[in-house]
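J.: Below are the chains, spelled out letter by letter.
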Amino acid sequence: MYYGIGGSAGYGVGRAVVISDELPVYEKIKPSDAAAEAERFQSAVDVFTEKTMQMADSMRLSAGQKNAEILEGHVVMISDPFIQDEIKEKIMQGMCAEQAVDEVCAQFIEMFNMTEDELTMQRATDIRDIRTRLLRILTGTQEKDIREVPAGTVIVAKDLTPSMTAGIVKENVAGIITETGGVTSHSAILARALEIPGVFSVEGIISKVKDGMEIALDGSEGTVILEPDEAQAQEYRKKRDEFLEARAGLEKYRGKETRTADGISKVLYGNIGKPDDAAKVIENDGEGIGLFRTEFLFMNSKELPTEEEQFEAYKKTAELMKDREVIIRTLDIGGDKDIPYLGLEKEDNPFLGYRAIRFCLNREDIYKTQLRAILRASAFGKVSIMVPLVTCVKEVRDVKALVEKIKAELDIEGVSYDKNIKVGIMVETPAASEIADLLAKEADFFSIGTNDLTQYTMAVDRGNSKVAYLYSVFNPAVLRSLKRIIGAAKQENIMVGMCGEAAADQLLTPVLISFGLEEFSVSAGSVLATRAAICKWSKADADAVTQKVMECATQEEVIEILKANKR
Amino acid sequence: MVSKSVVIKNEQGLHMRPAGLLAKELKSFDSDINLIFNGKKINAKSVMNIIAGCMKCGSEIVIECEGDDEQAALDKAVELIESGLGE
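Chains as they are written, first to last, in my numbering: chain A, 21 to 587; chain U, 734 to 820.
It is worth saying that the hints were derived from the structure and are not from the lab.
Don't take each hint at face value.
To be verified - Here are the computed lysine-lysine pairs in the DSS-like style, where the Cα-Cα straight-line distance is at most 30 Å:
id	chain 1	residue 1	chain 2	residue 2
1	A	K402	A	K342
2	U	K809	A	K336
3	A	K414	A	K461
4	U	K789	A	K335
5	A	K556	A	K568
6	A	K259	A	K556
7	A	K300	U	K789
8	A	K86	U	K742
9	A	K342	U	K809
10	U	K737	A	K86
Unchecked claim - Computed beta-carbon distance windows for the label pairs:
id	chain 1	residue 1	chain 2	residue 2	range
11	A	F316	U	M734	38 to 46 Å
12	U	E744	A	R383	25 to 33 Å
13	U	E744	A	G434	24 to 32 Å
14	A	K190	U	D801	51 to 59 Å
15	A	E59	U	D801	28 to 36 Å
16	U	E744	A	Y23	44 to 52 Å
Remember, it's a predicted structure, so these values are computed and weren't measured experimentally.
Here a beta-carbon is modelled for each residue, glycine too, at the ideal position from N, C-alpha and C.
With the hints as extra help, turn the sequences into a complete structure.
T.: Next comes the structure, spelled out in structure tokens:
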């Protein structure tokens, strides 16, 4: 078994076609007529341009505008007068066209790689692609044509360059395996766009694989099996069929309302970590954002982000989501994350320490900047504020007082904002769970953070493999906590949601419906599956299962019952 | 010579698409057009040089134009960069 990065979900079994990206061999001879040699280079560029534009057209049809633009970019790059002049100059000095192209491209590849900037380094891959193809045209070398691979092919390559993938016939490709590149590489992006399973960054795979060899791959886990035995191949085919069926089955939930089988409306949101992710939530039919983590603004920076920077990020998200709700969680950091400019001390127990709302209320300067940015952004969409790690009522009152103070300032400044902006809390500590009835009188909404709630309730560090078995949302202690929190919210008629991983756990769905959870916030990729799970249960059926579940004494019994009743 | 300082607005900096547009639009001017960034002088008519320049969102750069049509070239370059180059 070989391991790589699972960059495009799905399973594939097929026969290998190895695509080499070796440069064509050429002889370094001094041409007799330099001007004629420059002409030869120019006609190679013309052939290149024509072929590439054709490739871009077929790419547009198969994999969309974005992938086509990469190829059009190749034409823009080779048309650059600067690169052309350098190549022609070398030819005039006595080099053959092949060597001139090779050397000038190599210079740019090195120059781009030296920047160590991811986006610029990706362009180095483009120049490598341009160089290989120009040399093939100049030397008259045939390319192995990816368009003509037979059905059931697993493509194995160092990295798939844009030109290689241009004519790919997705029906014929069972999988893609590369030696380099991660989830953001061109190969991976294209594999996902074409829905072809892909495993990337598998070290040394090319030297292990021969054309025609049978290969099984798992693009979710990132594993590759060479020459699987019949039982393994069978298993992968079965998984592939199930995966495809599930994917097709979920599509029918797109555009549907999220309702239980007996018609109770639920709210289905997505979780995001940066503004651009909102597009993924929309793409997957999410109805809003239930958790916008704002840490990215603080982690990817050398200094505190300004109010303006934060405002732009929140505004962008609000505008992307239009009239749909965006719940922004305020800064949730502490001693376990290294943000040098905050000057936080290392703590013995960072998870019990100076973090999240405790830090923010102590550093009002930082918190006020963030709240001002959120309030200003609330004029551009439907924005809500969510406070993390609440353990007592005073914290909620303090935040609300601060929000009111900022509103008054904005009024004086004449800056617009949503006057009815909601201030809700994350319920993720045993303390908040115990006083959920009191907190429900103060907060505009609850969102249960099951990851932290489970960790704190069970007093378990899930990173510690010796005790990780205790970390389970199915433990009766956690289930009782969930029931109390949701009950308290309903008592006060406030919205109650969940934004931890458990919200997307289909085993737990009937229990959450029975308790009366109203909003489910899940990762973008889980939206349709969660909607499908909710639609399968009526309140009465969910109640019947949940009644049995709540009588269980152990998490094992709980899981057994839920598995037996899974739909 | 004329020059003016501007700030890059494109979210991902001057990457392929905006760099291509900038170089293409400036090619028609006779003047030399350079972008000064991080002590480097970048030929604004060359998409390859612009990409290698790694100018990110928020980077402050100085545009320098020298030649017969230098003012027109500068105005166009400023307008292009400040408009976000079609993004």
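J.: Decide, hint by hint, whether the structure agrees.
T.: We went through each hint and held it up to the structure:
1. A/K402 to A/K342: Holds. A/K402 to A/K342 sits at ~7 Å (cutoff 30 Å).
2. U/K809 to A/K336: 28 Å, holds
3. A/K414 to A/K461: 12 Å, holds
4. U/K789 to A/K335: 21 Å, holds
5. A/K556 to A/K568: Holds, at about 19 Å.
6. A/K259 to A/K556: 23 Å, holds
7. A/K300 to U/K789: Given that 30 Å is the threshold and the Cα spacing comes to 24 Å, the pair holds.
8. A/K86 to U/K742: 21 Å, holds
9. A/K342 to U/K809: With a Cα-Cα distance of about 34 Å, the restraint between A/K342 and U/K809 is violated, given a limit of 30 Å.
10. U/K737 to A/K86: Answer violated: U/K737 to A/K86 is near 33 Å, above 30 Å.
11. A/F316 to U/M734: 38 to 46 Å: With a Cβ separation near 41 Å, A/F316 and U/M734 satisfy 38 to 46 Å, so the hint holds.
12. U/E744 to A/R383: 25 to 33 Å: 29 Å Cβ-Cβ, so the 25 to 33 Å window holds.
13. U/E744 to A/G434: 24 to 32 Å: 29 Å, holds
14. A/K190 to U/D801: 51 to 59 Å: 53 Å, holds
15. A/E59 to U/D801: 28 to 36 Å: 32 Å, holds
16. U/E744 to A/Y23: 44 to 52 Å: Violated, since U/E744 and A/Y23 (Cβ atoms, about 34 Å apart) do not stay within the stated range.
Hints 9, 10 and 16 from the earlier list are contradicted by this structure; the remaining hints agree with it.
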